[in-house]
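Asks: Chain by chain, the residues:
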Amino acid sequence: MDFLTFLEFSVVGLAGGGLLALIALGFVLIYKGTRVVNFAMGEFMMMGAYLFYTTHVAWKLHWAPALALTLAGIAALGALVERTILRPLSGQPVISIVMATIGLGTILHGAADAIWGGDNLALPELLPRKPVFVGEILIPGQVLWSFAAACALIGAFLAYFRFSRTGVAMRAAASDPVTAYAMGIDVRRTSRLTWIFAGLTGAVAGIIVASMTSLSPALGNVALGVLAVIILGGLDSVLGAIVAGLAIGWLEAVTVGFIGGKARDLVPYVVVLVILMVRPYGLFGTREIERL
Amino acid sequence: MNILEVERLSLSFGGIRALDDVSLVAPQGAITAVIGPNGAGKTSLFNAISGFYRPERGAIRFEGRDIGRVPASRRAGLGLARTFQNVSLFRGMTVLDNIKLGGHSGLRAGALSAMWYLGRAREEEMRLRAEIEREVIDFLEIDHIRGLSIGALAYGLQKRVELARALAMRPKVLLLDEPVAGMNREETEDMARFILDIQEERGITVMLVEHDMGLVMDISNHVVVLNFGRVIASGTPAEVRASPQVIEAYLGAKAARKARHEA
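Protein sequence lines, in the order shown, are assigned to chains A and B. Its first residue numbered 1, the first sequence is counted upward by one per residue in this note's numbering. Its first residue numbered 1001, the second sequence is counted upward by one per residue in this note's numbering.
None of these hints come from the bench; they were simulated from the model. Glycine included, each C-beta is placed from N, C-alpha and C at the ideal position. Among these hints, one or two may not hold up.
Partial list, computed: chain B residues near chain A (C-beta under 10 Å) [as the list claims (entries may be wrong)]: (1) G1051; (2) G1077; (3) R1091.
Ranges between beta-carbon positions, derived for each pair [said to hold, decoys possible]: (4) B:Q1245 / A:L158: 56 to 66 Å; (5) B:F1013 / A:L158: 38 to 48 Å; (6) A:T286 / B:D1218: 39 to 49 Å.
Extracted from the complex, chain A is given alone in its bound form (with noise of 0.2 Å):
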């Protein structure tokens, strides 16, 4: 394989591991702020890209308004989840809200299935198909525009941590719970904001997804795919979702261009697991992180 191949794979595999790391992103938000790995992160994907099937297909609105729709809703479905199940057991052990968070899935799983029907769906190409060409090397029009969508997603959700008051809250009490609360920050509604951000970094991730492969209640199984990419990464580090995200985009692509199609879910995933016994604690987590 001469170089302008790999390089090829290699372009390819980093835009595509953008698309990860806006799924790993919306994990580290839940962990930093509640100490949860939600599993039905990819749940939050598959409803987002279901409401966006009904408002856009069913309905047929036009993409804006439809999109505007499926956030609204996938905000309202966070904030519910946090009223109704999070904020219960919060001071309960964190097996049992993982847990919580598991059964949550497989009711989303199961109500998608019941509401839409098991079968496969197809969204409407929304990002251009249409290939650009950097120098010599060719970058499929889907790949390109995903990468650019989650970069700018992502590139929001950091400037509004970093800059915003609300943002710098939210850091502030997902660091230290009772010390924001002196501090006159609502500890509960930065926690709903949270859940409300992840779900939307999840139904933006969902569409794309959905859009470029097609829609099932099994999309979900996606964000399976992710864990790997977060504890790579480090469970609570968002610059580590990010970097982890890429690096295991390119794993991918590069070992389907070197050495074939089927080594595409092993070849990453051992290099993850080396790498995890030099640092258990991820590339960029916490020392002491609990793990999975």
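The hints should help you fit chain B onto chain A, whose structure is shown.
Replies: Just chain B, lined up with the frame of chain A:
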């Protein structure tokens, strides 16, 4: 006038009476110290005043209004700020971010307008920044460390940043839980000066829990002594120092008899 009044407060954990019929007042504009041996209930009292514990009985009045049912996060907005026994700054954030968080309760802009950094959010932010600059950072002489992250600071400075964050809340009453614990002599003297400045220049009422008797006797106007969850003495530093119950609580009954004998 007493800006903060605690009336007949009782609080227990399981079978342990942490606070038993505790009544005390913090006179407006004064420094009130709460002292007592370990486990006397000092921190429990602070936690009840700042709203972390719900007392079983009794009332807490702030500016004449009973705040017993007001949640902790809203008490901050009323003008009740506190520091913690163990430094509880937000790690991984800069000194300036920590201090600005103190001003959080005073701001009204919601999550959405704050997101766009527009209109009211921007205006509030600018005003808050100018105010913090003048009234907190210059006042506590921490201009040189504003951009550092908390982990990089010496312990004494961390305590000072925590005080700065509490001041940024624009409090009427400042509750300080062991402000000089673990500090060396020089750091303690700095802190004592800052506390006095806060009281004298800003007119902020201070209530502090402290084990450093030198500091308590030097700067307080009013001292309350707790032992086993009960108030056993209160008055000026001189009155409290002479009280036989206080000597007994601190040194044991035998030492108290001896002290009486010698006197």
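Asks: Now, for every hint given, state plainly whether the structure supports it.
Replies: Taking the hints in turn, this is what the structure says about them:
Hint on G1051 (chain B) holds. Least Cβ distance to chain A is approximately 8 Å, under the 10 Å limit. Interface restraint check for G1077 (chain B): the shortest CB-CB distance to chain A comes to about 5 Å, inside 10 Å, so the restraint holds. Hint status for R1091 (chain B): holds, given a least beta-carbon distance of 6 Å to chain A, under 10 Å. Taking the beta carbon of each, Q1245 (chain B) and L158 (chain A) are about 59 Å apart, inside 56 to 66 Å as hinted.
Range check, F1013 (chain B) to L158 (chain A): about 42 Å between beta-carbon atoms, so the 38 to 48 Å window is met. Remark: the range hint 39 to 49 Å for T286 (chain A) to D1218 (chain B) is upheld by a beta-carbon distance near 41 Å.
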